[in-house]
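Which chain is which? The protein sequence lines are A and B, in order.
Position 20 of the first sequence, counted from 1, bears residue number 20 in this note's numbering, the numbering being contiguous throughout.
To convert, count from 1 in the second sequence and add 86; that's this note's numbering.
Calculated directly from the structure, the hints in this document are not laboratory data.
Where a beta carbon is used, it is the ideal one built from N, C-alpha and C, also for glycine.
Hints may contain errors.
Said to hold, decoys possible - From chain B, some residues computed to sit far from chain A (all C-beta separations above 10 Å):
#, residue
1, L208
2, T210
3, L218
4, L220
Claimed, not checked - Examples of chain A residues lying across from chain B (beta carbon under 10 Å, computed):
#, residue
5, T20
6, G48
7, F55
8, I75
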Amino acid sequence: MNTQLNRFATLIWLTLVMLTIGTFLIGEEVSAGKTVMLSVLVISLIKGQLIANYFMGLRYVGWLWRGVILGYFVIVGSMIAIAYLN
Amino acid sequence: MNTNITLVNETEDLPGDFAIWIFILAEMLVFGVMFIVYAFARSNQIDVFNTSQLTLSRGLGTLNTIILITSSYFVVRSVSAIKSNNSKQSAHWLIGTILMGGMFVAVKLWEFNQKFSAGITLETNDFYMFYLTLTFFHLMHVLMGMIILACIVYKLKNGVYSAQEHFGVETGASFWHMVDLLWIILFPLIYIIR
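One chain only, chain A, in its complex shape (with noise of 0.2 Å):
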């Protein structure tokens, strides 16, 4: 059972760094816009729920806290993107 989980934390270790090295990517290869700012901050809120989701472990709580930090990277994502959209 473990190993199975194990196996499946590094799969998410492995998503999250090709997420990462595909943010490098947009910030080296594009050079602006509103399309790279609003991709890489729909990046952040995958990266950020495969975090809380399956390495917090909030997967398996209740909806309430899952709910709280996905708010929170919609919110904060969506404050950003005004003032950049401004």
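Chain A is already provided as a structure; the job is to place chain B on it using the hints.
Quick look at chain B alone, frame taken from chain A:
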């Protein structure tokens, strides 16, 4: 009616001490406000922020992100090990996490040193003020996390934790993941988007 059927609650309690979750929320709130203030401050001086941001090394920022993500993975493995009653392995994974934390600190100090050598201070402009303040504040949390994890390693080595009693390990793990979560926003905000 079958009275043997029991309702199974599929959800579990929050990992670790409940108090750490209140602390995590408070910390995330403070950082969240600072992230938003940074974004709105930038909208008034876009050129200054963009030009200054390009002097940062996106490579080092990415390296530190991968270091933190990997350290978080090590913490997951440590919790998994103690749940299997393997305190020795659990301690080893945590030592790995602390070493990763040390690498993060080294990269960050290298970055700070480069900036200070170039004559950049808090007063150079608003971007550098935010960059130095936010990353320094985050760095303090990394150091705090390393101290917390070192205490847990000490307890693991003394047989305090087991498969039945691993509350403390989960509490420390949750704190460390929070440090990672904050960096997940801080990294693209400061280093990437412009």
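Each hint tested on the structure:
1. L208: 22 Å, holds
2. T210: Correct as stated: the minimum Cβ-Cβ distance to chain A is 22 Å, above 10 Å.
3. L218: 20 Å, holds
4. L220: 13 Å, holds
5. T20: Since the shortest Cβ distance to chain B is 5 Å, the answer is holds.
6. G48: 5 Å, holds
7. F55: 5 Å, holds
8. I75: 8 Å, holds
Going through the hint list in order, the structure satisfies each hint without exception.
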